[in-house]
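Residue numbering for the sequence shown follows the working numbering, starting at 1 and increasing by one per position.
No lab work stands behind these hints: they were computed from the structure. The structure displayed is predicted, hence computed values, not measured ones. Backbone N, C-alpha and C fix where the C-beta goes; we use that ideal spot for every residue, glycine too. Treat the hints with caution; some may be incorrect.
What the hints assert, rightly or not - Mimicking DSS-like on lysine-lysine, the simulated pairs with C-alpha atoms at most 25 Å apart in a straight line are: (1) K30 <-> K171; (2) K148 <-> K137; (3) K341 <-> K392; (4) K171 <-> K113; (5) K148 <-> K214.
Unchecked claim - Simulated restraints, written as ranges between beta carbons of each label pair: (6) V41 <-> P372: 51 to 57 Å; (7) D18 <-> T410: 15 to 21 Å; (8) R344 <-> R250: 28 to 34 Å; (9) S109 <-> N354: 17 to 23 Å; (10) E366 <-> V314: 50 to 56 Å; (11) A16 <-> T325: 47 to 53 Å; (12) P145 <-> K396: 45 to 51 Å; (13) D256 <-> D6: 39 to 45 Å; (14) K396 <-> E366: 21 to 27 Å; (15) V314 <-> A16: 52 to 58 Å; (16) V319 <-> H194: 42 to 48 Å; (17) E315 <-> L86: 29 to 35 Å; (18) H194 <-> E34: 18 to 24 Å.
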Amino acid sequence: MSAEFDPSRSTRDYQAADAAHHIHAFVDQKALNEEGPRVMVSGDRLALWDNDGKRYLDGMSGLWCTNLGYGRKDLAAAATAQLEQLPYYNMFFHTTHPQVIELSELLFSLLPKHYSHAIYTNSGSEANEVLIRTVRKFWQVMGKPEKKIMIGRWNGYHGSTLAATALGGMKFMHEMGGTIPDVAHIDEPYWFAHEGDLSPEAFGLRAAKQLEDKILELGADKVAAFVAEPFQGAGGMIIPPATYWPEIQRICRQYDVLLCADEVIGGFGRTGEWFAHQAFGFEPDTLSIAKGLTSGYIPMGGLILSRRMAQALVERGGVFAHGLTYSGHPVAAAVAIANLKALRDEGVVTQVKNDTGPYLQNCLREVFGSHPLVGEIQGVGLVAALQFAEDKATRKRFANENDIAWRCRTIGFEEGLIIRSTLGRMIMAPALIATRAELDELVDKTRIAVDRTAREYGRL
């Protein structure tokens, strides 16, 4: 236990100090101060304990990031050893260091051969900031500087910095600080909400056609890239129909628009493939990565470039006017190496694909397939969502679906379970090391939370 943690300090004392000094993410701080946040103090595998000794099953891998779970001594040891040898150096001044070189060698051995270069950052938000600048620089190098417009999706999420927020399509976030020029959006491929009378396959094609329509509206000579998550994470864990991504790729290739995948949540095994775009059958020009890169043990992100882009930037780009103090940080790189080796050598990604991923998906459908509160179940690998609906047959959603889902999430915490609510959907993404027994606990506690919610709202 660290010297800074005082086991005798009361939760109320911690909460008072927290209220005095912090503004938390995505919350009404005044309301949180009145309630008091949970104070988490330790973790092991999928379990967390708060300052009062209550145990929680973490069904969200922290923030979609602790792919190897909590308490990995090998990751802690990698950080400690690197801190003792070379705690910091930068990638400015014509310098590099072994850890970032070895990380890239390992990373590109796991990536499809289509990719060749990385630009490291501290987070997914930063990766998407760098994405915008790098894409525009690429088109300058290619003699098409007028190609500046980035197209994202409504309800997509790409981070909380200004440009990343603008690229994302969450309007309530745009209200805080505005957006940036040359960013446009199309609808999300959310079949349950927007399908009309179309089959999922037909809807996927229609949703993809919005990209073609937007490119033609704006002018293909002005559109730089389409940026999207392979499956939407913070926007509700929405998985598009199978027809969507192949058609999106066809459109991007036809109009010479870069296809950029935000793999911050989907990368490093979440879907049962190393990267989510592989599970959905398309080949992006760039990948934004973070979270699972280090299993969240230390901050690190990056932007992965295709050979085509990297070659143009290296051979013809001149000075690349970008840099971060902590880009390729040696301690972060050392932890990332240990993390990726564990995912590879312990067969974690293969286990998700062939065993635990299908097991979770089957369990959810067996338990919730006919539940009166659940209209749809989506998921792949170890990520899933339950869509609440007033009428499953007509896909009618509750007018107060946010309140119902938030209540379910709150009940989950009462039952010792951490799952997330977004837009009438309950989301889960447990650590990739989860055993069948741990997944059974996740599903069972989720059932209890959903059942309690259904009873409170007169649905059970």
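| task | Could you tell me which of the numbered hints above are not met by this structure, giving the numbers in increasing order? | result | 3, 4, 6, 11, 13, 18
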